[in-house]
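Going line by line, the protein sequences match chains A and B. Heads up: the first sequence runs through residues 1 to 109, numbered per the numbering used here. Heads up: the second sequence runs through residues 110 to 222, numbered per the numbering used here.
Hints in this document: simulated from the structure, not taken from any laboratory. It is possible that some hints are incorrect.
Listed next, the in silico SDA-like pairs over lysine to any residue satisfying Cα-Cα at most 25 Å (straight line) [as the list claims (entries may be wrong)]:
1. B/120 x B/172
2. A/37 x A/19
3. B/126 x B/146
4. A/26 x B/164
5. A/37 x B/190
6. B/120 x A/36
7. A/96 x B/114
8. B/166 x B/206
9. A/37 x B/112
10. B/210 x A/109
11. B/210 x A/70
12. B/126 x B/171
13. A/67 x A/98
14. A/68 x A/8
15. B/120 x A/39
16. A/67 x A/2
17. A/106 x B/215
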Amino acid sequence: QQPVQSPQAVILREGEDAVINCSSSKALYSVHWYRQKHGEAPVFLMILLKGGEQKGHEKISASFNEKKQQSSLYLTASQLSYSGTYFCGTSPGTYKYIFGTGTRLKVLA
Amino acid sequence: GAGVSQSPSNKVTEKGKDVELRCDPISGHTALYWYRQSLGQGLEFLIYFQGNSAPDKSGLPSDRFSAERTGGSVSTLTIQRTQQEDSAVYLCASSSDRGEKLFFGSGTQLSVL
Numbered sequence: 001q002q003p004v005q006s007p008q009a010v011i012l013r014e015g016e017d018a019v020i021n022c023s024s025s026k027a028l029y030s031v032h033w034y035r036q037k038h039g040e041a042p043v044f045l046m047i048l049l050k051g052g053e054q055k056g057h058e059k060i061s062a063s064f065n066e067k068k069q070q071s072s073l074y075l076t077a078s079q080l081s082y083s084g085t086y087f088c089g090t091s092p093g094t095y096k097y098i099f100g101t102g103t104r105l106k107v108l109a
Numbered sequence: 110g111a112g113v114s115q116s117p118s119n120k121v122t123e124k125g126k127d128v129e130l131r132c133d134p135i136s137g138h139t140a141l142y143w144y145r146q147s148l149g150q151g152l153e154f155l156i157y158f159q160g161n162s163a164p165d166k167s168g169l170p171s172d173r174f175s176a177e178r179t180g181g182s183v184s185t186l187t188i189q190r191t192q193q194e195d196s197a198v199y200l201c202a203s204s205s206d207r208g209e210k211l212f213f214g215s216g217t218q219l220s221v222l
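Isolated chain A, as found in the complex:
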């Protein structure tokens, strides 16, 4: 039931791009993306709703394929501050959110 994220981990140089994928076995109404830095609470990045509406971060984009029950987070021109663990959270349309397995991203100078 837990969404599967890929890759599990990625290392980038500053300025490089990355894509993080989230795949669910259940029909989805919305997908959330969060970033968690070590020792801190997760912080909201993006919401994608069924129908294509997106709400969130200016420098990060995402896509939501309802039919495939997949979402992808696109990090372009990565900065050192992008380092952390990224989680997708999925909901079938209720209040309940199940989070994915996580993707650890490290950006090197």
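We have chain A already, so just place chain B on it with the hints.
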């Protein structure tokens, strides 16, 4: 308060003791969530509240775990007869409505010796 507040921030207890973890959500937020995060792992769903009701308790690991929410505000997660495998960070989050972003608290680090 301005954000989600959790207390205590750290709790060390002995195996077999009961513990209570508290979450004070953002004022006016109707939905409240509890998640558990073991070291280096993802966010494990435990339970969520809509107002004072908990429509889905399926994530609670065993009958030693229980949670309540009163007045549509503060929530308490209780773990009875704690075991070493209960050691983890327990995160609380709240949101204003279905589909809206979750605001997380800083968590309670529980260590069971």
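For which of the previously enumerated hints does the structure constitute a violation, in increasing order of number?
5, 10
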